[in-house]
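Participant: Line order of the protein sequences matches chains A and B.
Anchor point for the first sequence: position 137 equals 136 in numbering that gives the first Met the number 0, and the numbering is continuous, going up by one each time.
Anchor point for the second sequence: position 159 equals 158 in numbering that gives the first Met the number 0, and the numbering is continuous, going up by one each time.
In short, the hints are calculated from the structure, not lab data.
Please read these numbers as outputs of a predicted model, since none were measured by experiment.
Fair warning: there could be bad hints in the mix.
[What the hints assert, rightly or not] Below, in silico cross-link-like pairs of lysine-lysine (DSSO-like), each with a Cα-Cα straight-line distance of 27 Å or less:
hint	chain 1	residue 1	chain 2	residue 2
1	A	K174	B	K6
2	B	K118	B	K153
3	A	K37	A	K174
4	B	K63	A	K97
[Stated by the list, open to error] On the chain B side, residues computed to face chain A include the following (Cβ under 8 Å):
hint	residue
5	P67
6	V77
7	L82
8	P100
9	L171
10	G175
11	F177
12	N187
Cβ coordinates follow ideal geometry from the N, Cα and C atoms, glycine included.
Next come the chains, spelled out residue by residue.
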Amino acid sequence: MSVNFISIIQISIAAVLIQNFVLARFLGLCPFLGVSKKLSSAIGMGLAVVFVMTVSTIFTWWIDTAILAAMNLEYLRTIMFILVIASLVQLIEMVMQKFTPALYESLGIYLPLMATNCAILGVAIINTDINQFTGVPFTFVESVVNGAASGAGFTLALILMAGLRERLESSNIPKSLEGMPITFITAGLMALAFLGFSGLSFFPK
Amino acid sequence: MIAKELKRGIITENSIFVLALGLCPTLAVSTSVKNGLGMGLATTFVLICSNIIISIVKNWIPGKVRIPCYIVIIATFVSILHLLIKVYTPTLDSQLGIFIPLIAVNCIILGRAEAFAAKNNPATSLVDGAVMGLGFTAALLILSTIREFLGGNKIFDLMVIPGFQPMAVFILAPGGFFVIACVMGLINYFRGKKGAKAKV
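Same shape as in the complex, but just chain A (with noise of 0.2 Å):
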């Protein structure tokens, strides 16, 4: 298996900062509202996100082209990678709670809320596309690298918002756009940010 490495920077650059999971493609939107209003809880489910994001894409992809594709029962992806994600996130909990409790306990309950996160099963999904880069399907180590960029560009997104809902606390916010709609407006200016790096074209073709 050959590894093109430029694809990779490329997609780890694209996946964090381009095309951000939260700010430019609005997935997972849900944990980024409810879970960033400490910092602290915020990066424990980045953390979390990182972790079942690169594990459940290493299992997808190869569902997917050993079974899947080969059997020519693409149809069945959607209800195929929803089961595995949330078996899989079932069957992480069971191993970190008896391998590593320290881990667990710090991660422990943002770890079933995953099974709905639409991030995950979102990479799962664009893994199965065209990589944009190179033109063919993504291969295992794009998947893989894939997975993980996003979930670190969610995590990325996820603790720049808590620490910035920490100061909002303090401020004076006009009656009626406190809690959700303020939060959307700071959303808002942090994605008119990230715009920015659409801009950014590293090694053109």
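Position chain B relative to chain A; hints supplied.
Facilitator: Below, chain B without anything else, positioned relative to chain A:
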């Protein structure tokens, strides 16, 4: 009774503006009225079908594994719908992209399955699915109309005001966040006014 149910689904318990569920597809596809309407109706279809089936089979599902069972039922309808959309409206399929398979993890659908269909009979579950779906569609239509007008000076691909300079940022990601924030803020404002009046 139908009017009361409709009011509940569209206004008092609107899934997007009041419960803040199902935000990812909402913000992603509300770039044009056509996409918003397509997504809304697609979600309504899945919501109605899954509500009916779940309320029929609810007594045979053991409590501990109910969530995975619901997810499989929902994902089945999403796959059926995806195949139908691919065949009959291929442009919608390419426009909505990964957000069609992602209907399966839309919190509204699992939320209604857990909160309503698992406790009620098929007929009322059907009504619940329909009104909640219509509420979702209505919210999408409001957001997509604002965004398509401000971002492209168009509604349903028709020019609205000649000479109006559209602001492309409203079609892009930040615009989605700003528009939903403003609409939610307005709703809070009017609700606050109403509440103040009621207290007096």
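Participant: State for each hint whether it applies.
Facilitator: Hints versus structure:
1. Restraint check for A/K174 and B/K6: satisfied, since their Cα atoms lie roughly 26 Å apart, inside the 27 Å limit.
2. Taken as a hint, the B/K118 and B/K153 pair is broken in the structure, with Cα atoms around 44 Å apart against an allowance of 27 Å.
3. About 22 Å separates the Cα atoms of A/K37 and A/K174, which keeps this hinted pair within 27 Å; it holds.
4. Taken as a hint, the B/K63 and A/K97 pair is honoured in the structure, with Cα atoms around 21 Å apart against an allowance of 27 Å.
5. Given hint, B/P67 at the interface with chain A, holds; its Cβ is 6 Å from that chain's nearest Cβ, closer than 8 Å.
6. The interface hint given for B/V77 is met, as the beta carbon of that residue sits about 6 Å from the closest beta carbon of chain A, less than 8 Å.
7. Annotation: B/L82 was flagged as interfacial toward chain A, and the flag holds, the nearest CB pair being 6 Å apart, inside 8 Å.
8. Against a cut-off of 8 Å between C-beta atoms, the interface hint on B/P100 holds, since the closest Cβ of chain A lies about 4 Å away.
9. Residue-level restraint check for B/L171 holds (minimum Cβ-Cβ distance to chain A is 6 Å; threshold 8 Å).
10. Residue-level restraint check for B/G175 holds (minimum Cβ-Cβ distance to chain A is 7 Å; threshold 8 Å).
11. Evaluation of the B/F177 hint against chain A yields a held restraint, the C-beta minimum of about 4 Å falling below 8 Å.
12. Because the closest C-beta pair between B/N187 and chain A is about 4 Å apart, less than 8 Å, the hint holds.
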